[in-house]
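Undergrad: In this note's numbering, the protein residues as written are 194 to 518.
There may be inaccurate statements among the hints.
Claimed, not checked - As a list, the in silico BS3-like pairs of lysine-lysine whose alpha-carbon atoms are at most 27 Å apart: (1) Lys417 <-> Lys361; (2) Lys314 <-> Lys325; (3) Lys258 <-> Lys487.
No lab work stands behind these hints, which were simulated from the structure alone. All values derive from a computational prediction rather than experimental measurement.
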Amino acid sequence: MNLAKTIGRRTLIASAVAAATGAAASYARAQTAQGRSVWLDMDQAALDNAYDQAKFAPNWDQILKRYASTSETTRQHIGAPHRLEYGATPIERIDCYATHAENAPIHVFIHGGAWILEEAKNFAFPAEMFTKAGAHFLAVDFTNVRETNGDLMPLANQVRSAIGWIYKNAASFDGNPNRIYISGHSSGAHLASVALTTNWMKDFALPADIIKGGLLVSGMYDLKPVRLSARSNYVAFTDAIEEALSPQRHLEQMASPIIVAYGTQETPEFQRQARDFTIAARGAGNDVSLLVGKELNHFEIIETLANPYGLLGRAALSQMGLSRM
194 MNLAKTIGRR
204 TLIASAVAAA
214 TGAAASYARA
224 QTAQGRSVWL
234 DMDQAALDNA
244 YDQAKFAPNW
254 DQILKRYAST
264 SETTRQHIGA
274 PHRLEYGATP
284 IERIDCYATH
294 AENAPIHVFI
304 HGGAWILEEA
314 KNFAFPAEMF
324 TKAGAHFLAV
334 DFTNVRETNG
344 DLMPLANQVR
354 SAIGWIYKNA
364 ASFDGNPNRI
374 YISGHSSGAH
384 LASVALTTNW
394 MKDFALPADI
404 IKGGLLVSGM
414 YDLKPVRLSA
424 RSNYVAFTDA
434 IEEALSPQRH
444 LEQMASPIIV
454 AYGTQETPEF
464 QRQARDFTIA
474 ARGAGNDVSL
484 LVGKELNHFE
494 IIETLANPYG
504 LLGRAALSQM
514 GLSRM
């Protein structure tokens with residue numbers, strides 16, 4: 194490896210992160226008059242609200258129920274998924290909705306839920322679009338952080354293990370291991386971005402570009418402000434966890450093009466996270482596109498992944514080189 198090139202890239206990354214941080218610091222937010230600033234211009238109450246999407250999406254409960262009902266309708270149309278085992282524990286399973294195409298590309302979806310909620314079966318609703326376009330749609334199950342005593346690392350490792358398993362076993366469901374793409378929503382986008390900034394050669398003896406493209410929707414990419422928020426009530430943040438699982442600090446590992454997306458009706462902090470991550474990734478020399486979902490809140494935006502002409506569906510199919518039917 195060219196040492197000068199490596200040092201230059203690290204300098205570029207550091208400069209990009211610094212620029213993103215500076216942009217964040219200048220982004221004005223309302224602050225409760227009585228409160229003390231905890232992060233940027235936010236007091237504790239404002240910061241807690243900024244990492245609680247329900248505060249900005251009054252229809253959140255309705256939409257979560259719609260995820261489940263639409264997923265059930267999808268299964269009625271295309272059939273139940275194959276349940277693939279990527280690990281030894283019962284939760285380490287993948288819902289595989291297979292296409293009829295041979296040696297087909299693979300889209301891996303990592304669900305959100307604040308690291309504590311949801312499961313793969315409630316995110317089948319994009320499967321019909323992908324399978325009709327000629328791609329397998331795989332939704333990954335993994336443990337929740339309450340079952341790990343607040344430790345996020347097992348969740349990250351399970352997602353990485355699932356991707357590694359998919360690469361090694363793609364032929365078993367007629368998938369192409371050299372055409373794996375990943376998407377994630379909310380805390381799932383955080384875990385997907387961790388996978389995208391993993392040193393696959395060093396840690397798994399797999400190709401550095403095992404993931405050919407990523408779609409990160411409404412995620413968190415630097416855990417410092419998250420650690421300062423009420424999410425620390427159930428996540429056991431440490432300096433080591435914050436550093437290891439903040440993808441914005443490991444952009445030198447990113448080996449594939451990505452798309453970052455957020456909705457204009459999300460919390461200001463989730464919008465800022467997306468913008469700052471995009472700035473930092475571009476500054477580090479990565480291929481990054483930014484999509485903004487007009488008038489979409491945190492829970493609504495991911496539903497556009499099921500529509501080949503929707504914001505995310507169009508982007509995902511284009512990234513994979515697939516037709517919109």
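Undergrad: Where does the structure disagree with the numbered hints, that is, which hint numbers, in rising order?
TA: Hint 1 contradicted; others consistent.
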